[in-house]
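**Q** Let chain A serve as the given structure and place chain B on it in line with the hints.
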Amino acid sequence: MRWGVITFPGSCDDQDVFDSLKLELRQKVKFLWHKDELAGNYYCIVLPGGFSYGDYLRCGAMARFSPIMQGVVKFARSGGLVLGICNGFQILCESGLLPGALMRNAGLQFVCQPVHLRTEETDTPFTGGLKKGQLLQMPIKHGEGCYYADPRTLERLHKNRQILLRYVDAKGRPAATANPNGSLENIAGICNEKRNVFGLMPHPEVACSRILGSEDGVKIFTSIAAACADRAKSHG
Amino acid sequence: MRVKIFVLLKEGVLDPQGNAIERSLHTLGYGEVQNVRVGKYLELNVDAPSRAVAELRVREMCDKLLANTVIEDYRFEINSES
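Residue numbers (our numbering), protein chains in the order written: chain A, 19 to 254; chain B, 25 to 106.
Just chain A, with the same shape it has in the complex (with noise of 0.2 Å):
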């Protein structure tokens, strides 16, 4: 069993996150190449940030119809561990594996800066490593990631404690001031209802070692791989 990330054309940071998984976390991990089927036995499936297909008519559009989504798309549905990063939970959107959208940001301008987060749920395999209400710090840098999703939508979220990151202030408060791209209710990060699949706008890959300022990233990586450890040992 190990890791997989997948390189579209475009992506940018599958080699962080190969290098964090690999090197930091000492993980198996191997690269999934956007045209190949999806085979073999997999942990965690992750969707690397980027510009997948140049970002064409919409993020994360044209990659969800790439040969190895089709793959992802069933791997997800039968419980799989499905991670999208910043590109990555565009595409997840787009896919239909999560709800809502991601939409350029309200102040129209590229963000790239450090936010604080809030963890908001804790009983999913992304973040049962982390206590509720937990404060992390990773980077942001993205053009499109105010998040979408209409009062229905919304609702189910909320019903399904389906919000599982907020951006916060130094203090941990979802100011409006914190909220860096205009996203509905401060949403950084949401899963599925079945929780076996994650979309986040901030870059846990590139806060995995203290020369980086931060590894507070390493600690959804550890939630995963704990999550998957137990799987294992609960199947036998």
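No wet-lab data here; the hints were simulated from the structure. Errors might be hidden in some of the hints.
Unchecked claim - If you want a taste of the chain A side facing chain B, the calculated C-beta under 8 Å gives, among others: (1) Asp73; (2) Arg76; (3) Gly118; (4) Met121; (5) Arg122; (6) Ala124; (7) Leu126; (8) Tyr166; (9) Gly190; (10) Ala193.
Even glycine gets a Cβ: it sits at the ideal position worked out from N, Cα and C.
**A** Using the frame of chain A, we list chain B on its own:
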């Protein structure tokens, strides 16, 4: 058949680009401008036995790819002469 497709953010969905353009127009002295919305415009040729079939196919294309119906509405015009 030549098809013209218009994709626009749904009413109620914030359009920061539209707002910025509106402010610029106001600065230029066009105070009468309100509710600017920015969208996409596509043109394409479709081979279809009838207008009805073309309509059905184009609607499918819009729903599947050309528009994200979570945030966008679309409409299209088909010119069967061309």
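**Q** Go through the numbered hints given earlier and state which of them the structure violates, listing their numbers in rising order.
**A** 1, 9 and 10
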